[in-house]
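Using the sequences and the accompanying hints, generate a full structural model.
Top to bottom, those sequences are chains A and B.
When we follow the numbering used here, the leftmost residue of the first sequence carries the number 1, and every step to the right adds one.
When we follow the numbering used here, the leftmost residue of the second sequence carries the number 1, and every step to the right adds one.
These aren't lab readings, by the way, just hints derived from the structure by calculation.
Do not take every clue at face value.
Claimed, not checked - Residues on chain B that point at chain A, a partial pick, calculated with CB under 10 Å:
1. P150
2. P153
3. Y165
Every residue gets a Cβ at the ideal spot worked out from N, C-alpha and C, and that includes glycine.
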Amino acid sequence: MASMLLSTLRSCPVSPSWAMRIGARSLSTTAQLQAQVQTKSKKSLARPGMKNIVLVEGVRTPFLLSGTTYADLMPHDLARAALQGLLNKTGLPKDAVDYIIYGTVIQEVKTSNVAREAALGAGFSDKIPAHTVTMACISSNQAMTSGVGLIAAGQCDAIVAGGVEFMSDVPIRHSRKMRKTMLSLNKAKTLGAKLGLIGSIRMAHLAPELPAVAEFSTAETMGHSADRLAAAFGVTRLEQDEFALRSHTLAKKAQDAGLLQDVISFKVPGRDIVSKDNGIRPSSMEQMGKLKAAFIKPHGTVTAANSSFLTDGASAVLIMSEEKALAMGYKPKAYLRDFVYVSQDPKDQLLLGPTYGTPKVLERAGLTMNDIDVFEFHEAFAGQIMANLKAMDSDWFGQTYLGRKSKVGAPPMEKFNLWGGSLSLGHPFGATGCRLVTTVAHRLQKEGGQYGLVAACAAGGQGHAMVIEAYPQ
Amino acid sequence: MLARTHVNYEVKGDVAVVRMNAPNSKVNTLSIQMQNEMTEVMNELWANNAVRSAVLISSKPGCFIAGADINMIQSCKDAEEVTKLSQEGQKMFEQIEKSPKPVVAAINGSCLGGGLEIGLPGAFDMMLTGRNIRADKAKKMGLVDQLVDPLGPGLKSPEERTIDYLEEVAIEYAKGIVDKKIKLHKEKGMMQKIQDYVMSFEFVRNQIYKTVHGKVMKQSKGLYPAPLKIIECVKTGVEQGPTAGYLAESQNFGQLAKTSESGALIGLYHGQVACKKNRFGTPEKEVKTLAILGAGLMGAGIAQVTVDKGVHTILKDTTVDGLARGEQQVYKGLNDKTKKRNITSFQRDSILSNLTGQLDYSGLEKADMVIEAVFEDIKIKHAVLKEVEAVVSPHCIFASNTSALPIKDIAAASKRPDKVIGMHYFSPVDKMQLLEIITTDQTSKDTTASAVAVGLKQGKVIIVVGDGPGFYTTRCLAPMLAEAVRVLQEGVDPKKLDALTTGFGFPVGAATLADEVGIDVAAHVAEDLGKAFGSRFGGGNVEVLKTMVDQGFKGRKSGKGCYVYQPGLKVKEVNPEIGDILEKYKMTPNPAVSSDSDVQYRLISRFVNEAVLCLQEGILNNPLEGDIGAVFGLGFPPCLGGPFRFVDTFGADKLVEKMRQFEAVYGNQFTPCQLLLDHAKDSSKKFHK
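And the structure:
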């Protein structure tokens, strides 16, 4: 036993500080937290030989309904605002990070590497490389975990990750026929050839191509798939409306109580200062019940009121190795621990990512559902959340589709999305992941829990889950 | 009260959910039992004041009602009995149609024939994506009012949950109709009003009946009585009112059910079902990788029907051009399905990912079966066989897609003849349903089982026959084509020849068929089989075909054959240049055997005699496979049900009599075989019971 311990210590590159930290933590933990920790499957998810990676800070611009105050901006403007907010909040020197990664879904073609444009515009040193990732609604999760990977591999010590989505303006293209004609026009040498090409333009050429929130592989829109998913799990309209109402009510409460500390104020050029999300609208069951089905007409159950809305917004987080953070004098908010990506059938299981990701990440971390104090799930549709909860609570589904002996177990609602969610706060596709992680960190601090779980679904039938551990206060 | 086995109901709120579930069957059919119980249930529901509406649903995933019960119709003794059955059915439909309480038909999957009739009068109908009918089309046509999407997995299997969901939605609709929240009938559009007005004139209606009648006659050549009777029924119904219409319908249906055409088609149906089973058992090893050698029309066609079944398909050719053409054929086949919206572009792409095109034998060690579709030359076949055996694993099966070369000759070059088998596909492979599998004495049972399993996976109707020159199908076709050439030599125009054969019920005329098969192939086969079987395969002069090939008239593929083919042109003209060839080989027709009908019987009797001889010699396992092979592979008139059923219905004695008459003029080509003579002697002998 002693020799084992020794060898572990030896194999650990940062062993002195690691040992010290454990000591420091047990000293600083309160009696209450200690009692809680002892009921957990594991005291901590720290692993010998592995770097601790911490979330130092997380911010976001207010999330606004698309077409409102941000309407005249460009995506990188929003990302820039989030980055500047992060700089302001942390006092981070502008050359202190090694790499910047951003996630986005619908790309503005002029700024396809939006990470670089935003970083330059936010005043970061031009010596810091930046790249953009895309993975539908878990794009900024991918940005963060890419950063985690760079730190874990020893390539970097400090990373800024974030996400941005700007739905007030989307690339609407000319039709393929028109594009072809225009490209040929570039190559046409003689006037006659040019006139011939112009003359070939017909009415059909002028019909534009709009981006759709639809699966490329199945051509089904996400709302339609969500409606079918809700029906498959027997989720009623009432359940969905109730969950949506809960989301808005909790978001309103959190906003009023000033719990949404990640939101920064943003002076929009030519407009006022924006400092609050504007999609939070607690309504009544009666009013919500009046709405007609939005996708499967007329008997569907997914409506505008129980779906997330098109949103503009950006988020950013500062991620560091623990030593680096401590060396720079930061007090980290949380440890970013195990994470998984999952994927499944994009037709019938498009939005079941959380159901697949949750048990997988818990198993990886060696935790159980009971160990988790804070759940933050991405709310794409109320029907999708309810379907996931039912799937996790079903022995049949667990056995048939997850290859388990029994059900995963649904998260208890008293720990679930207590400060609202994507349904009420808004869902800028590329930016939501960072909001989820930051919210878990803030909730762990506020509620005094130890472990938090983030889970999200994404187009393409993909999903993500991550375990976050509170940083000892 | 007697327990009902087929139809049951449950009252949910004020909606009765009527569930149809024929016990011990995959599908629901309109059997007597089903009809009786349905009528019973309907009567109970109308008498029940607590029920305000009803939902009609099947408990079987993927099948509402597949149609009438064929066995039930077959078991009727005479037309009157069928008429009575039909009237019972009509009564049931009428009852549902005139139901005082709204009935919603919740249709999940196939809904054919009578099933559609139940669905149609339903006050409010729904339909799910079935396999045959596209649900969205049905909605557009106005057959159904509302679509319900199939669901994925939830708390139950997708199939179960989808039925539950359909039922839930249907119940809501039924309530909505009763509460007048859902309007049933749309206002008639302007077009509809104009149409109704125009249709109120008798001469307009007569004109329409005439046009439809003409179209049907053109398509069916009057060989199929049913379409004409249907027009008659509609006419009676429109002109003399529904009661007379229904009466005409049931009487005509009764008569039709007992015609020889009906017997032939029902026989084909049963034969097809039988030929979709693997009587050789489950093969030891499933074919997961299939290699096809030769990316020509046939090779690529075989690839086409294989890739979309989830089988990894290797398509090998010797030239880049050949391979590119073959791969394009596979792509085009799938892309056409995408254009018709049968599959999505994404499905097309993922299907194509199963296809590997290559010029060498790399990766063939993984193949479980190799099908060669190279040029029909025994030397090339031997070379390919040896190359393949040098690289494949010991369990790999070698199948030859030859149309005439005996498999045992090909197997002679093999180190393991037990793994060699013939798989004769028909062109175009993606359209022709038949696969003729040829076994030699050495072919192992497992090899046969595996070949049948692959064919079934490819969606083929399969006959398994013995080895010999031309096997079964080519051997039957050859004498008929030889006779066709003689008919041409006797001065009959190719168009006239086509008209005579289609007039007998062949879907494609003999001259066109020769062009489709390829004049070079026909010449090749005629020569080979002529050598093997001697003068019995004579008749027309092979030199006619050979001269045509020499002049480049190889049929459709070369643009010229009996006809001239121009891309984009639908009407084809007779190739004027073959006139000289026919003139050179001109024969004088004997007026005693040259009437139109004589020509028809000369063609058909040689075909039929050879088929019966194949059974006599044991090439064929049974008459059923002979009928299926002839109809599905060679286009033998479906209304005659195949050569064996034709002998049964036409009478072997009458056929022999005709053949003797031809024999007197032409000789042994028309000598009836022993088995046919046996049947002629004893009229109680029948191929089909």
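>> Quick check on P153/B please, does its C-beta sit within 10 Å of some C-beta on chain A?
In response: holds (6 Å)
> Minimum Cβ distance from Y165/B to chain A below 10 Å?
Replying inline: holds (5 Å)
>> Is the interface hint satisfied for P150/B? The criterion is a beta-carbon contact with chain A at less than 10 Å.
In response: holds (8 Å)
Every hint, counting from the list given before, is met by this structure.
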